[in-house]
Amino acid sequence: MSTRAEPNLTVANIPRTPGGARVDLVLMAEMVERGAKVLDVGCGDGELLRLLGESRGVDGRGIELSREGVNECVAKGLAVIQGDADTDLADYPDDAFDYVILSQTLQATRHPRVVLEHMLRIGRRAVVSFPNFGHWQVRMQLLFAGHMPQTDILPYSWYDTPNIHHCTIKDFRQLCTAIGVKMEKAVALNAWGSPLRLNAPWWFWNLFGEQAVFLLSRKG
Amino acid sequence: MVEANLSSPREAADAPREADHPHESLMVRFGPDKPLKLDAGVELTPFQIAYKTYGTLNAERSNAVLVCHALTGDQHVASLHPVTQKSGWWETMVGPGKPIDTERYFVICPNVVGACMGTTGPSSINPATGKPWGLEFPVITIRDMVRAQAMLLDHLGIETLFSVAGGSMGGMQVLQWAASYPNRVFSALPIACATRHSAQNIAFHEVGRQAIMADPDWRRGRYDLEGTFPRRGLAVARMGAHITYLSDVALHRKFGRKFQDRENPTFSFDADFEVESYLRHQGISFVERFDANSYLYLTRAMDYFDLAADYDGVLAKAFKGTPTRFCVISFTSDWLFPTSESRAIVHALNASSARVSFAEIVTDKGHDAFLLEEPELFGIVRGFLDGAGKARGLTRGLAAKS
Numbered sequence: 239m240s241t242r243a244e245p246n247l248t249v250a251n252i253p254r255t256p257g258g259a260r261v262d263l264v265l266m267a268e269m270v271e272r273g274a275k276v277l278d279v280g281c282g283d284g285e286l287l288r289l290l291g292e293s294r295g296v297d298g299r300g301i302e303l304s305r306e307g308v309n310e311c312v313a314k315g316l317a318v319i320q321g322d323a324d325t326d327l328a329d330y331p332d333d334a335f336d337y338v339i340l341s342q343t344l345q346a347t348r349h350p351r352v353v354l355e356h357m358l359r360i361g362r363r364a365v366v367s368f369p370n371f372g373h374w375q376v377r378m379q380l381l382f383a384g385h386m387p388q389t390d391i392l393p394y395s396w397y398d399t400p401n402i403h404h405c406t407i408k409d410f411r412q413l414c415t416a417i418g419v420k421m422e423k424a425v426a427l428n429a430w431g432s433p434l435r436l437n438a439p440w441w442f443w444n445l446f447g448e449q450a451v452f453l454l455s456r457k458g
Numbered sequence: 129m130v131e132a133n134l135s136s137p138r139e140a141a142d143a144p145r146e147a148d149h150p151h152e153s154l155m156v157r158f159g160p161d162k163p164l165k166l167d168a169g170v171e172l173t174p175f176q177i178a179y180k181t182y183g184t185l186n187a188e189r190s191n192a193v194l195v196c197h198a199l200t201g202d203q204h205v206a207s208l209h210p211v212t213q214k215s216g217w218w219e220t221m222v223g224p225g226k227p228i229d230t231e232r233y234f235v236i237c238p239n240v241v242g243a244c245m246g247t248t249g250p251s252s253i254n255p256a257t258g259k260p261w262g263l264e265f266p267v268i269t270i271r272d273m274v275r276a277q278a279m280l281l282d283h284l285g286i287e288t289l290f291s292v293a294g295g296s297m298g299g300m301q302v303l304q305w306a307a308s309y310p311n312r313v314f315s316a317l318p319i320a321c322a323t324r325h326s327a328q329n330i331a332f333h334e335v336g337r338q339a340i341m342a343d344p345d346w347r348r349g350r351y352d353l354e355g356t357f358p359r360r361g362l363a364v365a366r367m368g369a370h371i372t373y374l375s376d377v378a379l380h381r382k383f384g385r386k387f388q389d390r391e392n393p394t395f396s397f398d399a400d401f402e403v404e405s406y407l408r409h410q411g412i413s414f415v416e417r418f419d420a421n422s423y424l425y426l427t428r429a430m431d432y433f434d435l436a437a438d439y440d441g442v443l444a445k446a447f448k449g450t451p452t453r454f455c456v457i458s459f460t461s462d463w464l465f466p467t468s469e470s471r472a473i474v475h476a477l478n479a480s481s482a483r484v485s486f487a488e489i490v491t492d493k494g495h496d497a498f499l500l501e502e503p504e505l506f507g508i509v510r511g512f513l514d515g516a517g518k519a520r521g522l523t524r525g526l527a528a529k530s
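Protein chains in written order, with my numbering: chain A, 239 to 458; chain B, 129 to 530.
Among these hints, one or two may not hold up.
As the list claims (entries may be wrong) - Quick list of in silico lysine-lysine cross-link-like pairs, DSS-like style, CA-CA up to 27 Å: (1) 408/A x 420/A; (2) 445/B x 275/A; (3) 314/A x 165/B; (4) 314/A x 162/B; (5) 408/A x 314/A; (6) 275/A x 259/B; (7) 445/B x 226/B; (8) 259/B x 162/B; (9) 448/B x 382/B; (10) 275/A x 448/B; (11) 448/B x 165/B; (12) 165/B x 226/B; (13) 408/A x 423/A; (14) 275/A x 314/A; (15) 423/A x 457/A.
What the hints assert, rightly or not - Restraint ranges, calculated between C-beta atoms of paired labels, are given here: (16) 428/A x 189/B: 54 to 62 Å; (17) 382/A x 500/B: 32 to 40 Å; (18) 457/A x 334/B: 56 to 64 Å; (19) 322/A x 267/B: 37 to 45 Å; (20) 326/B x 438/A: 41 to 49 Å; (21) 326/B x 306/A: 24 to 32 Å; (22) 445/B x 421/A: 50 to 58 Å; (23) 322/A x 518/B: 27 to 35 Å; (24) 306/A x 184/B: 33 to 41 Å; (25) 457/A x 184/B: 55 to 63 Å; (26) 256/A x 184/B: 25 to 33 Å; (27) 326/B x 377/A: 50 to 58 Å.
Unchecked claim - Covered stretches of chain A, as calculated for chain B (at least 3 residues, CB under 8 Å): (28) 293 to 306; (29) 310 to 320.
What the hints contain is simulated information worked out from the structure, not anything from laboratory work. Where a beta carbon is used, it is the ideal one built from N, C-alpha and C, also for glycine.
Produce the complete structure using the sequences and hints provided.
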């Protein structure tokens with residue numbers, strides 16, 4: 239699961255708000271109702287959990303793969319346990335949380351579909367953010383330079399990347415349809431961290447969104 | 129010589145007398161109107177609890193922290209031990225400005241039932257006979273210890289504990305507290321422990337008990353009456369147990385194959401190796417402060433501990449709907465209570481939707497790491513208690529403002 243605790247892994251250069259918080263985290267926090275019970279899967283150093291606690295008054299819990307990340311979180315007073323999204327979500331009972339969050343981690347899981355299904359079993363809603371592999375810079379690098387893309391938010395070489403399941407915004411929407419979840423909200427951010435025009439068509443998001451944030455819920 | 133030391137009877141003034149008249153401790157006696165109901169189906173009455181407190185209880189009575197000691201620990205958690213004259217067993221963790229900060233929290237540390245430092249145990253005088261209980265003392269459990277501690281808190285007028293903390297057998301008490309009295313425990317810190325003793329744990333304890341009982345000076349537990357003391361047996365029990373508290377790496381780093389005060393092997397059974405000398409020293413110093421029958425009773429209590437068994441074998445039921453915040457901590461090189469045991473606790477707590485943190489600390493110091501200088505442990509305990517303190521509305525340095 240999270241690779242976020244390790245120095246500058248999946249999210250090397252995500253833009254920040256004037257307040258210093260990562261824009262994607264602020265966006266995710268805004269999708270969560272005040273006072274909700276939240277599980278952050280792959281919570282890294284706990285930045286989102288802290289933001290959720292401070293700005294939304296949520297009862298937050300976290301799972302984090304890296305020992306350093308966990309110990310840092312616990313020392314900050316956050317309720318975080320060491321665990322792996324791919325194996326440990328199965329241990330959580332149904333409906334234990336209002337929201338389950340997966341921030342910049344989906345592409346690093348072994349079984350993204352299973353993880354997503356567990357998230358919507360454990361929580362009523364899920365919030366997922368991921369880097370968009372359909373972004374024009376990614377496409378250009380593969381098409382014209384002929385090598386695996388490396389960008390600000392995907393800084394790895396092909397041989398040492400923790401990201402093993404890249405997807406585009408289009409791919410993710412298809413997965414949501416395949417497992418029957420409802421997309422309540424979606425936002426794509428450009429390379430400067432600004433949301434793209436909401437009325438823009440999906441192909442535009444898929445080309446110009448560097449990352450995407452989805453709020454999902456169970457159907458029916 | 130070690131042999132000579134171990135075969136002489138103990139001084140009349142040492143540890144057993146602490147059993148009835150503890151030094152440097154507070155004490156509460158519970159008369160016949162307040163018996164301790166034991167899991168063994170009998171009542172212990174009258175009985176007494178020796179304890180120590182540090183810091184100041186605030187006006188709201190909301191800053192009390194109960195520290196539960198391990199198998200051979202006692203109430204002298206953060207002050208000089210009256211028998212050994214050594215510093216408290218957890219002075220790295222408990223004290224002014226320490227992670228369990230006595231300038232913020234009111235720390236209570238009771239000696240457990242069955243022990244030998246002032247709380248009623250097998251070396252205490254049985255009021256019915258006027259002689260030490262010995263093996264007439266009823267077998268006690270971790271739950272009995274916790275029940276007695278709850279009576280102490282009632283006596284002190286403390287309804288809710290801000291936190292309960294302890295390692296090893298102390299951690300078992302922490303888990304039992306959270307299961308038995310969820311509404312009296314705001315936060316819980318079970319460290320290097322498990323919800324049950326494994327077959328291997330029981331096996332090691334049995335070796336220790338057999339060592340004591342094989343000592344002719346044990347006299348079927350009546351050594352107090354017959355003027356003997358099973359020094360050799362108790363020392364061997366301690367030596368064996370002490371190995372389980374360390375790790376292979378730590379032992380090797382500390383001693384390797386180094387010889388003790390000599391260049392070459394003596395081709396005898398002297399303590400040629402430093403590690404032998406160290407273990408003998410551990411054994412000898414232990415018998416100066418600990419009672420052999422207490423060792424039997426307390427190891428038995430740990431063996432019987434199986435929290436899930438009290439809840440139809442489903443551990444999660446022990447914590448169903450718990451309001452307590454937990455911080456579970458384990459150590460990578462602890463093979464006595466390995467991380468897998470702590471993970472089982474965490475899984476059960478998750479299944480109960482409890483608010484739980486879990487950290488595994490990298491160290492090669494083995495089970496004893498919880499008692500040693502481990503900065504990461506201190507950071508985690510401090511952070512966890514700070515977070516819980518905010519939720520509990522404890523203000524910083526409330527007792528230190530004076």
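We went through each hint and held it up to the structure:
no.	hint	in the structure
1	408/A x 420/A	15 Å, holds
2	445/B x 275/A	21 Å, holds
3	314/A x 165/B	41 Å, violated
4	314/A x 162/B	43 Å, violated
5	408/A x 314/A	38 Å, violated
6	275/A x 259/B	58 Å, violated
7	445/B x 226/B	34 Å, violated
8	259/B x 162/B	22 Å, holds
9	448/B x 382/B	44 Å, violated
10	275/A x 448/B	17 Å, holds
11	448/B x 165/B	25 Å, holds
12	165/B x 226/B	36 Å, violated
13	408/A x 423/A	15 Å, holds
14	275/A x 314/A	19 Å, holds
15	423/A x 457/A	14 Å, holds
16	428/A x 189/B: 54 to 62 Å	56 Å, holds
17	382/A x 500/B: 32 to 40 Å	59 Å, violated
18	457/A x 334/B: 56 to 64 Å	58 Å, holds
19	322/A x 267/B: 37 to 45 Å	42 Å, holds
20	326/B x 438/A: 41 to 49 Å	60 Å, violated
21	326/B x 306/A: 24 to 32 Å	29 Å, holds
22	445/B x 421/A: 50 to 58 Å	38 Å, violated
23	322/A x 518/B: 27 to 35 Å	29 Å, holds
24	306/A x 184/B: 33 to 41 Å	36 Å, holds
25	457/A x 184/B: 55 to 63 Å	57 Å, holds
26	256/A x 184/B: 25 to 33 Å	44 Å, violated
27	326/B x 377/A: 50 to 58 Å	56 Å, holds
28	293 to 306	holds (count 3)
29	310 to 320	holds (count 10)
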